[in-house]
Amino acid sequence: GQQLNQSPQSMFIQEGEDVSMNCTSSSIFNTWLWYKQDPGEGPVLLIALYKAGELTSNGRLTAQFGITRKDSFLNISASIPSDVGIYFCAGPNNAGNMLTFGGGTRLMVKP
Amino acid sequence: GAVVSQHPSRVICKSGTSVKIECRSLDFQATTMFWYRQFPKQSLMLMATSNEGSKATYEQGVEKDKFLINHASLTLSTLTVTSAHPEDSSFYICSAEGAGGLDEQFFGPGTRLTVL
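In the order they appear, the protein sequences are chains A and B. Take 161 as the starting number for the first sequence in my numbering and just add one per residue. Take 255 as the starting number for the second sequence in my numbering and just add one per residue.
Source of the hints: derived by calculation from the structure; they are not laboratory data. For every residue, glycine included, the Cβ atom is placed at its ideal position computed from N, Cα and C. Heads up, a few of these hints could be off.
Anything over 12 angstroms on all C-beta distances counts as not near chain B; from chain A, calculated [to be verified]:
id	residue
1	173
2	177
3	191
4	193
5	224
6	253
7	271
The calculated EDC-like cross-link candidates involving lysine to aspartate or glutamate, where the alpha carbons are at most 16 angstroms apart (straight line), are [unchecked claim]:
id	chain 1	residue 1	chain 2	residue 2
8	A	196	B	306
9	A	196	B	358
10	B	295	A	231
Rough simulated footprint, nothing fancy, chain A against chain B, three-plus residues with beta-carbon under 8 angstroms [what the hints assert, rightly or not]:
id	stretch
11	285–297
12	361–370
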C-alpha cells in the first residue's frame, strides 16, 4: 500500500528557531495534508495542498507540494513554545476512501 | 469551524468489560466517520470506516466482532470495545468527513482507554 515517510522523527529546538520537516512517498499523492496533534488531543488540519509545486502559508507555517507529487515539506518560522506537538503529513489513498498518515514528527521547543 | 466531540474523554475499566465510545459531529452532518487507534509515540492507524445506515468497513487485522461500530444517525457513530483486555488500551480518535470529502476530515479530541 501507499506509505508516507516523515523525517525527522523528532526535533528538539530552541524558541525562535526555524523548523523544517518533510514527508516522502514512493507513490504519487494528489493531495497533501499537514496536521498538528497537541498532546492528548486529536489532529487539527494546518495546511492542505492540491497542486504540484504549490506553496501555501498559514501564519508562520509554510508548506509545499513537491513537483514530483511524491514529497512535501512543512516549515515553521520563529518557533514558539505552543508549537510543541506532533506534526503529521497525510494524503488520500488511490481509492480515495481513506487517509494515509505519515509516522509523525515530534517537535519540542525549549523556551 | 466544524466541531467533533468524543465521549468519554478518558475511561478506565476492568478486563472483560465492554466500553462504548461516542463520536458526534456537532454542527454538521457526516455520512462517513472514521475510527482510528493510536498507540504511544505512533501514528494514527485506521481501524474502520463508519457509514451512516450501513455496515462499517474494517481494515485488515481489525476484528469486527471485537470493535463494534454503529452509525445510527448522520451526527453519531459509536465504537464499542467488547470484552476489553489490557492490550486494547490505547488512544481512540474518530473523525467525521465534511462536505469536502476526505480532505475535509474533522477529528475528535480522542478517548484514552485504559484496561486494567
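Consistency of the no-contact label for residue 177 of chain A, given chain B and a CB cut of 12 angstroms:
holds, 23 angstroms
In terms of beta carbon proximity below 8 angstroms, does the stretch 285–297 of chain B have 3 or more residues touching chain A?
This one holds; 4 residues, not fewer than the three required, reach chain A with a Cβ under 8 angstroms.
Checking one constraint from the list: CA of residue 196 of chain A to CA of residue 306 of chain B, max 16 angstroms. Satisfied?
The given pair, whose Cα atoms are some 28 angstroms apart, is violated under the 16 angstroms limit.
Residue 295 of chain B and residue 231 of chain A: Cα distance at most 16 angstroms?
violated, 23 angstroms
Examine each Cβ of chain B, and state whether all of them lie more than 12 angstroms from the Cβ of residue 224 of chain A.
Per Cβ check, residue 224 of chain A is outside 12 angstroms of chain B; nearest 17 angstroms; holds.
Taking the shortest Cβ-to-Cβ distance between residue 191 of chain A and chain B, state whether it exceeds 12 angstroms.
For residue 191 of chain A, whose nearest Cβ neighbour in chain B is about 6 angstroms away, the distance does not exceed 12 angstroms, so it is violated.
Just checking, residue 253 of chain A versus chain B, shortest CB gap more than 12 angstroms?
violated, 9 angstroms
Assertion that chain A covers the stretch 361–370 of chain B - criterion: three or more residues, beta-carbon distance below 8 angstroms:
holds (count 5)
Against chain B, does residue 173 of chain A keep a CB gap of more than 12 angstroms to every residue?
holds, 19 angstroms
When you look at the beta carbon of residue 271 of chain A, is every beta carbon of chain B farther off than 12 angstroms?
holds, 23 angstroms
Measuring Cβ to Cβ, find out whether residue 193 of chain A lies farther than 12 angstroms from everything in chain B.
violated, 7 angstroms
If you draw a straight line from the CA of residue 196 of chain A to the CA of residue 358 of chain B, is it 16 angstroms or shorter?
Measuring from Cα to Cα gives roughly 15 angstroms; hence the hint holds.
In terms of the numbered hints stated before, the structure departs from hints 3, 4, 6, 8 and 10, listed from lowest to highest.
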